[in-house]
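Protein chains in written order, with numbering that gives the first Met the number 0: chain V, 0 to 415; chain F, 0 to 415.
In short, the hints are calculated from the structure, not lab data.
It cannot be assumed that every hint is accurate.
Copies of the same chain look alike in the list, so a pair counts if it works inside one copy or between any two.
In silico lysine to aspartate or glutamate, DMTMM-like type, Cα no more than 20 angstroms apart, as pairs [unchecked claim]:
1) Lys-301 to Asp-112
2) Lys-93 to Asp-399
3) Lys-89 to Glu-284
4) Lys-93 to Asp-163
5) Lys-89 to Asp-399
Only a predicted model underlies this, so the values are computations on that prediction, with no experimental measurement involved.
There are 2 protein chains.
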Amino acid sequence: MSAEEQGAHGRPSRRNLLGWGGAGLVLGAGAGAATALALDDGDAKAAPAAAVPFHGAHQAGIATPVQDRLHFAAFDVTTSERADLVVLLKEWTKAAARMTAGHAVGEGAFGADEAPPDDTGEAYGLSPARLTLTFGVGPSLFTRFGLEDQRPDALEELPSFPGDHLDKARGGGDLCVQACADDPQVAVHAIRNLARIGFGSVAIRWSQLGFGKTSSTTPGAETPRNLFGFKDGTNNIAGGETAALDQHVWVPEKDGPAWLAGGSYLVARRIRMNIEVWDRTSLREQEDVFGRTKRTGAPAGKLAEHDPVSPRAMLPTAHVRLARPAAHGGHRILRRGYSFTDGTDGLGRLDAGLFFLAYQRDPRTGFIPVQRELARHDALNEYIQHVGSALFAIPPGVRDAHDWWGRALFTAPAKD
Amino acid sequence: MSAEEQGAHGRPSRRNLLGWGGAGLVLGAGAGAATALALDDGDAKAAPAAAVPFHGAHQAGIATPVQDRLHFAAFDVTTSERADLVVLLKEWTKAAARMTAGHAVGEGAFGADEAPPDDTGEAYGLSPARLTLTFGVGPSLFTRFGLEDQRPDALEELPSFPGDHLDKARGGGDLCVQACADDPQVAVHAIRNLARIGFGSVAIRWSQLGFGKTSSTTPGAETPRNLFGFKDGTNNIAGGETAALDQHVWVPEKDGPAWLAGGSYLVARRIRMNIEVWDRTSLREQEDVFGRTKRTGAPAGKLAEHDPVSPRAMLPTAHVRLARPAAHGGHRILRRGYSFTDGTDGLGRLDAGLFFLAYQRDPRTGFIPVQRELARHDALNEYIQHVGSALFAIPPGVRDAHDWWGRALFTAPAKD
Chain V
0 MSAEEQGAHG RPSRRNLLGW GGAGLVLGAG AGAATALALD DGDAKAAPAA
50 AVPFHGAHQA GIATPVQDRL HFAAFDVTTS ERADLVVLLK EWTKAAARMT
100 AGHAVGEGAF GADEAPPDDT GEAYGLSPAR LTLTFGVGPS LFTRFGLEDQ
150 RPDALEELPS FPGDHLDKAR GGGDLCVQAC ADDPQVAVHA IRNLARIGFG
200 SVAIRWSQLG FGKTSSTTPG AETPRNLFGF KDGTNNIAGG ETAALDQHVW
250 VPEKDGPAWL AGGSYLVARR IRMNIEVWDR TSLREQEDVF GRTKRTGAPA
300 GKLAEHDPVS PRAMLPTAHV RLARPAAHGG HRILRRGYSF TDGTDGLGRL
350 DAGLFFLAYQ RDPRTGFIPV QRELARHDAL NEYIQHVGSA LFAIPPGVRD
400 AHDWWGRALF TAPAKD
Chain F
0 MSAEEQGAHG RPSRRNLLGW GGAGLVLGAG AGAATALALD DGDAKAAPAA
50 AVPFHGAHQA GIATPVQDRL HFAAFDVTTS ERADLVVLLK EWTKAAARMT
100 AGHAVGEGAF GADEAPPDDT GEAYGLSPAR LTLTFGVGPS LFTRFGLEDQ
150 RPDALEELPS FPGDHLDKAR GGGDLCVQAC ADDPQVAVHA IRNLARIGFG
200 SVAIRWSQLG FGKTSSTTPG AETPRNLFGF KDGTNNIAGG ETAALDQHVW
250 VPEKDGPAWL AGGSYLVARR IRMNIEVWDR TSLREQEDVF GRTKRTGAPA
300 GKLAEHDPVS PRAMLPTAHV RLARPAAHGG HRILRRGYSF TDGTDGLGRL
350 DAGLFFLAYQ RDPRTGFIPV QRELARHDAL NEYIQHVGSA LFAIPPGVRD
400 AHDWWGRALF TAPAKD
């Protein structure tokens, strides 16, 4: 154990052993904590203090059991030099591997006295908190850096949907990083350090904090409630459903392009909820709008949350009826959305809602047709407004310590 | 157990027993959870899932061990009828007592089908998470409702300090409620339901979410780090230090007015941190600015966080040196600040910082003289900006089920 891993009183502290020690210790402690916390955690199999492996065939943060908190950032690339961007992506990958393991960005934690610290320090002493960092590239990146030929056909700006009230400042982005963790300080620390490392090459375009998960990817777990007080997206794809993930989430090699095989597409929508109007609506109206019982989350006419949906038991405009996979050729998406509250608007209303995040194999068969239908007919539209929108391609996992975010893209041979 | 406390599968769930069942169960489960969580919790004696008693001589949420998350709201009173305001305060108190015990606002949880639900529902199934709701009144309230004579001399708008860049929309307020909990969904639910109940009588003027506590009120606990990566406010008043609380936090009867005896004063300051500038400053400069070692939190020249401060070991402009009680006649304040990150500003910088909350017996001997000194000389001023400000008087505790927030104030005899 190095000097910087000593506790405040000059001896190794429990917190340091948990958070900034070796990976073996981290996992050991995490497994112990899991049992105790399961009482209060929808994803009972998750170990809140543990580290999630960074390397693998797919990026972590997609099929990973959903963590409690989110900090999401979209970046503009401000350098015009491809080489600078590649250097940054290598540095980011190295930092991400360290932070997700519960380490400081730099090996000496704070580095030399004369230099800015290698790590900003606010997560020093905290556990890894199951931090995952998931990296993506937006359509706008492909107009520069010689990447024109590499843009997948599916990666184009989402179409306008009826009722959209999009704020350009809350949408788009050349790159994105989704930081999820069970401790918000750990997620915020990660995004802030990536932004710091990227100074001069990238700048944050917009970012979003999520304080409560609204989805579960653990089979049989109760779905967390959104700010309308409802369980929504009950029939999510579970992290262990390999066949469903292969069919609906991961981009197969045959879909192309080659650099995206094993990756995915991420749709991000900032959905403002008209909380004050909703709160003055009757329980019956609320349940009719969703097509679910508020108390149990059961679909209309059923008893339990996970009972199958009976479309005929609900109104034609019910949210669940319109959004169900059976109405869309069986295509499914994996949801990882979070509730947000960003203070109050100029009219004294809470600026609150759902930051919708969904992973899918192809947005043209995933989000887009479902949203076309919802935007036209969903009874929920009276109470929500889509105010931010972005689409990103999510490369496959970083395979080992030599691999880096975007390597396959930046080393892909030019077409023809 | 009533029907609404059944779990999703029609049987009583563990989550419901924890959160929405009887108080005995709540406390029992909480005590068990505390042991397991202490590993990762600065306030080792706190039981994260348990309920904090609502009734008492002082309001909870001041000397209570600091919870992990905050939602703070300031309200304008929009009704001009004193009677409406009194009715609201009674309703608020009843709802606060229920929510802090882990119950829904209404006894039937969601109420009748034909009416808007008595509770918005997003905390249904969650534990009380040590929720506290702390109520205060601002100077502006005393210009109306026949309260002119009741304003304490100490309750006037804070003076301007050099360097203040206050946004009026982020300051002031007739009333305030501080919601602290170990689960942000529980804190947000509480503020949202109070705002809902208050519709027509009050409106949220501004609100602030805090995602990470920066203070501890537990003796010997490590101080959490702020977004500069430092431990600050190490020598806080602990929740059990009865003599220090009596001397520095609670308003004694002899200070007056009578309705405030056993209460306190709360200073709230939104302090934006220039994160990007700070992150490019050398470790030595950062440590000189605070007068503390970044790694351990030890004061300059010392080894451990809780070692006594040696002013001569640090620069005359060091934050710790200027702020220490010994430089201010021994007057102390109780800090309960939280880190915030509210997305990104128009220049791509994180809108992040410290939401400073401090309780004291009298702001004229507490916050004001310390801030006068800091505003003039603190080396930290290069990296921070005060952008929001408010002062509230915090009435004493609600004594029992017949008492209500502000009762002593609204029933005080006029001062002829």
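Query raised in the report: Which of the listed hints are broken here?
Result: Per hint list: 3, 4 violated.
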